[in-house]
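Asker: Each chain, written out:
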Amino acid sequence: MTTTENRRSRRTEILEDRPVNLDGFVEEWPEKGLVAMESDFDPQPSVRVEGGRIVELDGRARADFDFMDTFIADHAIDVETAEEVNAIPSVEIARALVDPRASRDELTRIGRGLTPAKILDVVKLMNVVEIMMAMQKMRARRTPANQAHSTSAKDNPIQVAADAAEGALRGFAELETTLGVVRYAPLVAIALQVGGQVGRGGVLTQCALEEATELELGMRGITAYAETISVYGTESVFVDGDDTPWSKAFLASAYASRGIKMRFTSGTGSEVQMGNAEGRSMLYLEIRCILMAKGAGVQGLQNGSISCIGVPGAVPGGIRAVAAENLVASWMDLECASGNDQSFSHSAMRRTARLLPQMLPGTDFVCSGYSAVPNADNMFAGSNLDTEDFDDWNTIQRDLQVDGGLRHVREPEILQVREKAARALQAVFAELDLPRITDEEVEAAVYANGSGDYPERDVLEDLKGAQSVMDRGVTGLDLVKALERSGFHDVAENLLTVLRQRVSGDLLQTSAILTDDFVPLSAINDANDYGGPGSGYRLQGERWEQLKKLRHVTSAEDPETEVS
Amino acid sequence: MSAPTAASTSERTLTLKEVGPAKRASRPDEVVVAVSPAFSDPFTKTIVDVPHAEVIRQILAGIEEQGVHARVIKVWDTADLAAVAHTGARLSGSGISIGLLSRGTAMIHQRDLPRLSNLELFPQSPLLDAEVFRRIGSNAAQYAKGESPAPVPTRNDQMARPRWQAKAALLHLKEFECIVAGRKPVEVEPVISRA
Amino acid sequence: MTRRLVVGVDIGNSTTEACVAAVSGTSVEYLGTALTHTTGVKGTPDNTDGAVAAVRRALDRAGHTESEVETVLLNEATPVISGLAMETISETIITESTMIGHNPATPGGEGLGVGTTVAIDALSGASGPTIAVVGPGWDFDDVATELNAATDRGLEVVAAVLAHDDAVLVVNRLRAPIPVVDEVGAVEKVPLGMRAAVEVAPPGRTIRTLSDSYGLASVFELDPDQTKHVSPVARALTGNRSAVVVRTPSGDVTDRRIPVGTLTLRGAGKTLQVDVDAGAEAIMEVLGRVQPLDDATGEAGTHVGGMLAQVRDTMTDVTGQPAAEIRIRDVLAVDTFVPKEVRGGLAGEVAPENAVALAAMVRTSRSRMQVVADEVAAALGCRAEIGGVEGEMAVRGALTTPGTAIPIAVLDLGGGSTDAALLDRDGVSSAVHVAGAGELVTKLIGSELALDDREQAEAVKRYPLAKVESFFHVRHEDGTVQFFPEPLPSHVFARVVTMTPEGPAPVATRHSVDHVRRVRREAKRKVFAVNAVRALQQVAPGGSLRMLDFVVLLGGSALDFEIPDLIADALAGYGVVCGIGNVHGSEGPRNAVASGLVDAHVAGA
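Residue numbers (our numbering), protein chains in the order written: chain A, 1 to 564; chain B, 1 to 195; chain C, 1 to 605.
None of these hints come from the bench; they were simulated from the model.
Cβ coordinates follow ideal geometry from the N, Cα and C atoms, glycine included.
Take the hints with a grain of salt, since some may be wrong.
[Said to hold, decoys possible] Simulated pairs of lysine to aspartate or glutamate, DMTMM-like, Cα-Cα distance not exceeding 25 Å:
{"hint": "1", "chain 1": "B", "residue 1": "145", "chain 2": "C", "residue 2": "478"}
{"hint": "2", "chain 1": "C", "residue 1": "340", "chain 2": "C", "residue 2": "514"}
{"hint": "3", "chain 1": "B", "residue 1": "174", "chain 2": "B", "residue 2": "77"}
{"hint": "4", "chain 1": "B", "residue 1": "167", "chain 2": "A", "residue 2": "458"}
{"hint": "5", "chain 1": "B", "residue 1": "184", "chain 2": "A", "residue 2": "240"}
{"hint": "6", "chain 1": "B", "residue 1": "23", "chain 2": "B", "residue 2": "189"}
{"hint": "7", "chain 1": "B", "residue 1": "174", "chain 2": "A", "residue 2": "40"}
{"hint": "8", "chain 1": "C", "residue 1": "526", "chain 2": "C", "residue 2": "569"}
{"hint": "9", "chain 1": "A", "residue 1": "464", "chain 2": "C", "residue 2": "587"}
{"hint": "10", "chain 1": "A", "residue 1": "154", "chain 2": "A", "residue 2": "389"}
{"hint": "11", "chain 1": "C", "residue 1": "526", "chain 2": "C", "residue 2": "587"}
{"hint": "12", "chain 1": "A", "residue 1": "154", "chain 2": "A", "residue 2": "458"}
{"hint": "13", "chain 1": "B", "residue 1": "45", "chain 2": "C", "residue 2": "141"}
{"hint": "14", "chain 1": "A", "residue 1": "464", "chain 2": "C", "residue 2": "46"}
{"hint": "15", "chain 1": "B", "residue 1": "167", "chain 2": "A", "residue 2": "31"}
{"hint": "16", "chain 1": "B", "residue 1": "174", "chain 2": "A", "residue 2": "27"}
{"hint": "17", "chain 1": "A", "residue 1": "464", "chain 2": "A", "residue 2": "413"}
[Stated by the list, open to error] Partial list, derived from the structure: chain A residues whose beta carbon lies under 7 Å from chain C:
{"hint": "18", "residue": "433"}
{"hint": "19", "residue": "446"}
{"hint": "20", "residue": "450"}
[Unchecked claim] Cβ pair distances, simulated, as ranges:
{"hint": "21", "chain 1": "C", "residue 1": "518", "chain 2": "A", "residue 2": "258", "range": "34 to 42 Å"}
{"hint": "22", "chain 1": "B", "residue 1": "21", "chain 2": "A", "residue 2": "210", "range": "34 to 42 Å"}
{"hint": "23", "chain 1": "A", "residue 1": "349", "chain 2": "B", "residue 2": "116", "range": "35 to 43 Å"}
{"hint": "24", "chain 1": "A", "residue 1": "467", "chain 2": "C", "residue 2": "478", "range": "21 to 29 Å"}
{"hint": "25", "chain 1": "A", "residue 1": "258", "chain 2": "C", "residue 2": "500", "range": "27 to 35 Å"}
{"hint": "26", "chain 1": "A", "residue 1": "456", "chain 2": "C", "residue 2": "273", "range": "30 to 38 Å"}
{"hint": "27", "chain 1": "B", "residue 1": "155", "chain 2": "A", "residue 2": "7", "range": "34 to 42 Å"}
{"hint": "28", "chain 1": "B", "residue 1": "21", "chain 2": "A", "residue 2": "453", "range": "54 to 62 Å"}
{"hint": "29", "chain 1": "A", "residue 1": "19", "chain 2": "C", "residue 2": "176", "range": "37 to 45 Å"}
{"hint": "30", "chain 1": "B", "residue 1": "48", "chain 2": "A", "residue 2": "108", "range": "41 to 49 Å"}
{"hint": "31", "chain 1": "A", "residue 1": "81", "chain 2": "B", "residue 2": "21", "range": "54 to 62 Å"}
{"hint": "32", "chain 1": "A", "residue 1": "44", "chain 2": "B", "residue 2": "48", "range": "37 to 45 Å"}
{"hint": "33", "chain 1": "C", "residue 1": "281", "chain 2": "A", "residue 2": "470", "range": "42 to 50 Å"}
{"hint": "34", "chain 1": "A", "residue 1": "456", "chain 2": "C", "residue 2": "66", "range": "32 to 40 Å"}
Could you build all of it, start to finish, from the sequences and the hints given here?
Answerer: Spelled out as structure tokens, the structure:
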């Protein structure tokens with residue numbers, strides 16, 4: 001039998017139709033920086049210190065520094081140890097990262113003196129399993145956690161409140177929102193805060209906006225932390241955004257001055273995406289971002305490519321580089337909110353594989369964030385995981401006995417907090433004289449999936465209300481008062497306790513979250529003490545019992561029934 | 001009634017014939033179409049394989065149908081969409097321009113706007129097809145006439161990122177390679193021929 | 001003498017106002033006011049939250065606390081519920097696809113072409129004067145090539161009809177230009193092999209032949225009977241720049257009335273019925289014969305019937321009164337039009353169809369304000385009492401406007417109803433509520449301009465219009481030009497906008513500023529000017545507006561930029577002084593009832 005040119009095998013056709021073939025893949029082009037982490041065009045590590053000052057960094061003399069080099073040399077690298085630790089062979093450092101007997105403290109001490117090229121040289125030696133081994137040890141907080149996106153395609157505050165409550169109840173330690181129509185922000189930020197405190201007292205919330213408004217909402221106590229302060233790995237990209245490392249550091253200090261938790265955001269691929277990679281690999285540039293964050297004195301970083309994930313995702317070894325950038329952030333002793341937060345692949349199998357290097361070792365926030373609304377409502381343009389994946393996630397936790405920060409919650413409890421969140425927001429809106437929330441809207445919120453399931457809001461009235469929140473100077477304390485006056489004493493108490501944290505400043509510590517008992521859990525009082533098998537965070541005891549629960553589990557006692 | 005087949009589907013090719021330095025015109029009934037350095041040469045199609053010949057033909061048709069005159073220029077010293085479009089707007093007699101990158105990303109710009117602003121932006125190049133390019137041309141021409149066209153509906157697809165983000169970056173880099181620093185914009189005559 | 005803190009609270013349909021005063025003896029000092037949304041339907045226990053919030057906010061502003069308050073005075077408010085419905089009462093139908101009159105923005109060529117319709121791919125078999133019909137999927141270059149080739153073969157191609165927006169493109173590529181009509185979405189329904197005519201007028205002109213009955217008769221060689229038959233076609237095409245008419249055996253354009261049921265009005269011992277499709281004038285005339293209205297009902301299954309039933313149900317829910325006891329006390333019918341797609345049209349043609357908008361109002365005497373007073377007293381820990389009836393209090397407040405005297409009437413133009421009250425020389429006051437107010441205006445604007453978006457209709461109602469002529473200037477609706485130092489946002493460029501306090505906001509319309517302005521003013525006139533007269537007639541001695549001396553406008557719409565002028569114009573003929581209230585010479589048209597309550601309290605004490 002002869003083959004004809006146009007005929008394809010049945011198998012090829014089946015493979016051609018697999019979702020993974022809807023994803024895009026490209027060849028590397030290292031000269032332009034379209035390469036994950038192995039490039040001949042990255043600089044060789046070097047450092048020279050003279051008179052307490054770094055005068056040479058990765059082959060470049062101080063006279064030739066760009067402002068990133070200057071900032072990193074002057075603020076991020078420990079000049080006392082720089083020459084000593086950079087002289088340690090990279091392979092020794094890489095092995096120490098993997099070796100359970102080498103302590104986290106010793107490795108962070110070494111890390112403090114390393115140059116960007118040296119750090120790259122070290123992680124280039126590590127395969128993805130070794131990167132996970134190292135992440136398990138280097139993560140700052142002992143207990144892993146997770147973060148959610150809670151947004152609405154219609155910017156509907158009732159939806160955001162109900163979904164925030166459900167998200168908090170399911171276990172997310174932080175909730176993040178953003179807007180379609182920016183002017184809606186005050187109402188949606190209020191909804192997120194109220195809903196979150198209904199779901200679980202102590203959950204932390206933020207609203208991603210342009211920097212000035214985001215800061216103002218934080219200072220007023222309507223939000224609890226900030227994250228979307230973007231930094232980049234080349235001077236040209238910084239300059240395009242009318243920014244410098246110093247301006248970002250200044251903004252960071254504004255948050256710190258009010259005791260507000262904050263972290264920067266960066267990720268592989270952003271520079272090459274904008275055509276300004278200056279011929280460096282994606283990971284090299286990301287390491288510069290990490291050191292810039294370190295130098296600015298912020299406690300943490302959201303990285304893991306974030307909104308550029310399609311770029312590293314399309315080149316060979318790209319997802320290994322993404323795992324490595326999370327590791328470097330943790331190694332530099334920063335809180336790491338590790339991506340997995342943007343639509344990544346058409347293939348469910350590939351989505352899961354991209355997730356495991358963070359989920360298995362555990363990070364400070366495995367997702368930053370997980371879409372706790374259907375992706376159609378996700379105003380961050382879709383996440384790697386959404387509400388449809390809740391049961392899969394819980395099952396993977398149970399299968400592999402790992403803690404990804406979530407748990408199965410029975411429907412009656414979910415319905416109860418959704419209703420309470422909507423009621424609380426209804427009361428707060430009434431107290432603050434904001435556009436009315438009807439009982440039909442509350443009813444819809446209890447059972448809804450997405451924004452299409454809610455009655456339409458009068459957007460014009462809402463926007464006026466949002467403006468009046470800004471004009472009247474409404475603060476977090478006004479929300480507390482409104483909740484208290486309308487009989488939501490426990491929610492008022494929760495929110496007040498969260499606001500009090502900014503006086504103690506405990507949330508400024510690395511990797512801080514609040515427990516159910518409002519105890520800050522950070523790298524100070526919950527330091528990662530992993531030292532090999534049998535040590536560090538272990539999923540066991542009461543928490544493991546929680547995670548054994550799924551929607552459908554056949555009862556051993558009475559196999560004719562299910563337990564959940 | 002059937003649509004014709006053979007004749008219309010045969011591939012058209014585009015050549016941009018240089019006619020001289022691009023100058024500022026004074027006729028108020030023109031729209032300038034400003035294309036990026038790699039447009040039509042070396043690239044011949046958008047990120048989703050719409051031939052550049054068809055892109056230009058549809059944009060010019062959209063302008064012509066409104067009774068407005070079109071002029072095409074090639075911008076050589078930048079491949080930044082806003083800069084390409086704004087260069088066109090500053091040369092346009094009506095102040096209205098369409099900026100176009102090789103991968104298909106497009107923008108309607110106006111002379112008095114800040115460079116980084118725009119009248120209409122079509123950032124998702126994978127979602128732009130011949131019909132959208134026709135409507136972009138039509139809208140630009142209507143702005144030039146002082147009318148208020150309904151904005152061309154922008155499409156959105158969350159899954160465009162995994163499919164196209166890296167290819168877009170690659171095309172962007174390639175386009176940057178074609179930049180000729182310091183070279184002034186050139187007026188070109190689009191010659192469309194059928195194979 | 002002791003100084004007592006008294007708060008007057010006016011619970012209105014949409015807003016609740018509070019006014020804090022320090023009273024010692026008969027002297028009153030006003031310390032502060034506040035405004036919130038009314039919670040629930042006016043006159044029901046749900047009002048408590050809004051009333052308490054308003055009192056608290058007013059106290060905040062005045063620098064006092066709840067514990068200092070001696071008495072809160074509430075108005076005797078009765079629930080008023082209003083409803084709106086619209087019925088389209090005419091319909092244009094084209095049969096046998098005889099006519100295309102949709103006015104594409106850019107037809108091609110000029111003149112009149114008369115011939116036989118032939119599909120473009122069948123031109124090779126055609127002969128005689130021919131009109132080419134081109135379906136979707138044809139590229140303009142290919143169409144031009146085909147038409148040129150046919151002409152070269154000697155075929156007389158006199159016109160063309162296209163599916164896509166390609167007319168100018170095709171004509172520009174023809175060796176001999178012909179009239180071309182395009183954007184005919186359902187071009188495949190054009191009957192083929194029929195005699196037809198295509199006419200395109202020069203830019204800025206309208207067609208002359210096909211919009212004229214004798215023109216059609218000449219083109220199609222019609223006899224007098226047939227000419228009578230086609231006159232609706234000519235009428236339907238009047239004002240278009242382009243048109244296509246196909247002569248088919250029984251093709252027709254009809255404009256038919258849609259029966260939308262009857263409205264039954266009962267009052268003055270009579271029960272009268274009127275067909276809703278008879279129009280507003282007929283409805284209002286019948287209404288006039290049954291005044292005072294006892295009740296109104298509509299036919300089930302019609303919008304009007306449904307709306308009247310719903311208003312009744314809502315009132316039942318709110319008051320607990322049985323539906324049978326609840327009466328529709330007023331209706332207002334207004335003629336309007338709704339742009340609607342023509343049935344049988346081939347190109348999405350839109351015709352302005354006649355419609356009737358109806359507002360209705362129901363009120364009940366069963367007020368539950370005592371419950372509100374009790375709850376307010378409990379919440380604030382002070383005395384709360386019903387201090388007076390709202391109409392009387394409003395008049396009392398209005399009377400503090402400098403330059404007014406008894407007899408005085410007030411008009412409060414609200415969202416759902418227009419309210420009037422009168423205080424006559426004998427100190428007797430009376431009040432009425434009539435159906436139709438701000439919401440009806442918004443609805444009329446929205447439907448006549450075909451705005452999908454209620455917010456835009458609301459903005460058109462509230463703010464003056466302008467056209468953004470460049471990034472640095474707008475031309476206001478009065479023709480004046482305003483320049484801006486900073487460029488305007490790009491989404492308003494070249495658009496008709498409303499000048500909102502937040503800046504220009506685009507109106508999604510292709511109509512001119514003049515047209516939008518005309519629609520807006522006409523809507524306000526049809527509702528507010530008409531209702532001002534209707535309401536005042538009901539309170540005026542002997543129903544004569546000439547017996548009124550002073551009319552004071554109160555409430556939010558008294559702050560509108562043109563309603564006070566429209567009403568003043570409407571009342572000018574009656575020799576009435578009409579103006580905007582300025583309560584206590586400082587509060588403007590706000591707070592009349594709240595401060596009236598305090599004044600009455602002091603006078604009575």
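Asker: Which of the numbered hints above does this structure break?
Answerer: 4, 11, 17, 19, 20, 21, 29
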